[in-house]
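Participant: Here is how the chains run, residue by residue.
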Amino acid sequence: MKPPSEEHDLIRWIDGEMNETEIATFEERLKQDPVLAKEARQMRELSTSLRTHLPAEMRVPHADYFNTQIEVRITQMALDEARAKQASPGLGAMFQWLRQPWFALAGTAALAVLGFFLLNPATGDASESMIISSYTPNTHVQARTYHDSAADATVLILDGLDAVPAERKVSGINIQRSEVEPELASTTMFDSHGTPVLMISRDALGNPMITPRG
Amino acid sequence: MKPILTALFLVICTALASAQGEPPSVVSSVKHATEGHVWGALIFATNDATQLTGAKEPIHADLPRLNERLAKVFPFKHFEILGQHRQDIFREYESWVVPSRDLFMKIDSKGPADKGGVNLHLQVWREQQVLVKSDAVLRKDSPLFIGGPPWKEGRLIFVLCLERK
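Chains as they are written, first to last, in this note's numbering: chain A, 277 to 490; chain B, 738 to 902.
Just so you know, the hints here were simulated from the structure itself, not pulled from any lab data. A hint or two may mislead.
To be verified - Calculated pairs, DSSO-like style, for lysine-lysine (alpha carbon to alpha carbon, straight line, at most 30 angstroms):
{"id": "1", "chain 1": "A", "residue 1": "LYS445", "chain 2": "B", "residue 2": "LYS814"}
{"id": "2", "chain 1": "B", "residue 1": "LYS809", "chain 2": "A", "residue 2": "LYS445"}
{"id": "3", "chain 1": "B", "residue 1": "LYS870", "chain 2": "A", "residue 2": "LYS445"}
{"id": "4", "chain 1": "B", "residue 1": "LYS889", "chain 2": "A", "residue 2": "LYS445"}
{"id": "5", "chain 1": "B", "residue 1": "LYS852", "chain 2": "A", "residue 2": "LYS445"}
Unchecked claim - Label pairs and their computed distance ranges (CB to CB):
{"id": "6", "chain 1": "A", "residue 1": "GLN418", "chain 2": "B", "residue 2": "ARG828", "range": "31 to 37 angstroms"}
{"id": "7", "chain 1": "A", "residue 1": "ARG320", "chain 2": "B", "residue 2": "PRO812", "range": "51 to 57 angstroms"}
{"id": "8", "chain 1": "B", "residue 1": "GLU900", "chain 2": "A", "residue 2": "MET353", "range": "38 to 44 angstroms"}
All residues carry an ideal CB built from backbone N, CA and C; glycine is no exception.
With the rest of the complex left out, here is chain B (with noise of 0.2 angstroms):
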């Protein structure tokens, strides 16, 4: 059954991608270089519980009390995480978390950095438009996060961390 989705998902991909004048995709099984592996989530801020949309995806391991530590940054009571991505941290290519079509983020690998961590060119986008460029030290257990545009009564933060292992 996996093998029919998939070619399916790469015909309708690449139906799309020749509709729009790109190139046919080829999915590569090629496992490349890596710096790490980020977890990037984005997060829906409220103080209004009915304007939850209901998601239920989990915490992170490695962010433990997520919500009351948001809560310390943003002014709000209930914390929703709408989507998330694990995301390897490729030595030679962009990487891109993407756990929203609405807000998401490139990453490059700018190499390890001093006492830990890895350096990073960060930049956020909401759609077409590229909304910060930001270089980072990015450590394990230091999490970003990044207050971003209001929706509803409420916020979107994009939260980043380092993994651990």
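Just chain A, same shape as in the assembly (with noise of 0.2 angstroms):
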């Protein structure tokens, strides 16, 4: 086990906390230590992953959780990892890990974002409607989602998409059942008087052919 003044320094050192004269002196010290010199160049790479795996801002926009969570994975397996390092020397080093100054860093940003979890409403409310993932295969098209307390709705834009030119005749149908045959991969669909309406199916391709043709 270290004594406390190599620990301090060797914390400080890590953090960045030298003048110049200390620097060269401690790191004299690591050349003539190799234990020290290992165990140094091990919690600076730990640190360093650490700044790099945790945001500055901790930004998620509403409903796309995702982000969110993947940012608290990352925290966990960060340090999960440190823990595991930090376990293989004894006992003793598990409780050395816990005065490391960037600990406190990483739990303070796991915390806001389980607190994010907990508080923002805008994620946490299970009466609303939510899209979770959007995908446009038209890279031209961009799809961007909110939830609109005004209007009680969740909102899916999609820009870009090319206009169905004014002349075209865009004309409804009411559908209130269908029937499926699985066997078949296609659906009837019929109006209020149970007259069939139309009926939808793939073509070769695996695209939906609806017959009779509009």
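Two chains, two frames, a set of hints: combine them into the complex.
Facilitator: Printed below as a string of structure tokens:
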């Protein structure tokens, strides 16, 4: 076990709190002490990794909580990895880990993310519909989603779609019931009078095919 | 009269499908398991009342003040339901919501959601082109408004809601 003064110097060296003279003296000690040098190198790599993975700002868009979940998972993985490394030399090293300044940083960040989930009603209201993820195969089309409280609706806006030609007649259908035929992968749809209106199935490419055509 | 119309429709569908190399279709009378029911509608939004088509489709009872709510999201004055579709969400099979041949939706159930509602995979189609694929949780009294393509000087909007019953 390292004496307290040596441990304190190691932490100050990792955190960049030493002046030039102290750095030179400490790095000379590292050259003389391979065990200390190895531990210093591991601690610095760990510190760098944590700083890299922990974002400076945690701005999470509404309903896009996958991003936040990924951040939480990264933080947890970094902590788990750090604990595993610290646990290997012995139980005492684990307590030493708790005293590191970046542990407080990581813990604070993790709590902030978890707090976001617990306190932010935008992602936690179980009465609202949610868009969890969206994908637009056409790269010119952008999908954005949010909950509009005034409309009491979840909104998915598709920007960049080609306009339907103005001269095209867009007409609607009133469907009240459908029957599926699994073996033929087709669905027949009926109006309010029980009259079959159309059938939808798949063509050879798997695209939907509506018959009769409009 | 109705059986004759049904038979005539099936003959037409069979002929069309055969002409395109598809097997003939048979309407099943089997009742399949469902996760609930949705109502989907295609709506035309515009600021120019002269562009309205004159469609008179009724608003679903589960969506009070629909036009007013749409106006909170989309910057238009007039909203017209072009077509609508009530559809079972089949547990084992894909479900189609087709309020129009021009814009329609495929739904795959992913089971009941925690704290109510249903997990869905949605695909919005425009004829033979899929516009967007989404994973969503749909809950009662919380409709989904999808802003679709522009048309004339307005926009086509797809509305989907989970029915209460």
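Participant: If a hint holds in the structure, say so; if it doesn't, say that too.
Facilitator: Quick rundown of the hints versus the structure:
1. Among the hinted pairs, LYS445/A with LYS814/B is consistent with the structure: their alpha-carbon atoms are about 21 angstroms apart, no more than 30 angstroms.
2. About 27 angstroms separates the Cα atoms of LYS809/B and LYS445/A, which keeps this hinted pair within 30 angstroms; it holds.
3. Of the supplied pair hints, the one linking LYS870/B and LYS445/A holds, its CA atoms being roughly 26 angstroms apart against a limit of 30 angstroms.
4. Restraint check: the Cα-Cα separation between LYS889/B and LYS445/A comes to about 10 angstroms, which is no more than 30 angstroms; the hinted pair holds.
5. For a cut-off of 30 angstroms, the pair hint linking LYS852/B to LYS445/A is broken: about 42 angstroms separates their Cα positions.
6. In this structure the supplied range 31 to 37 angstroms holds for GLN418/A paired with ARG828/B, their Cβ-Cβ distance being about 33 angstroms.
7. Distance hint check for ARG320/A and PRO812/B: the Cβ-Cβ separation is about 55 angstroms, which falls inside the suggested range of 51 to 57 angstroms.
8. As the Cβ distance of GLU900/B to MET353/A is approximately 42 angstroms, the hint placing it in 38 to 44 angstroms holds.
Checked against the numbered hints above, the structure breaks only hint 5 and satisfies the rest.
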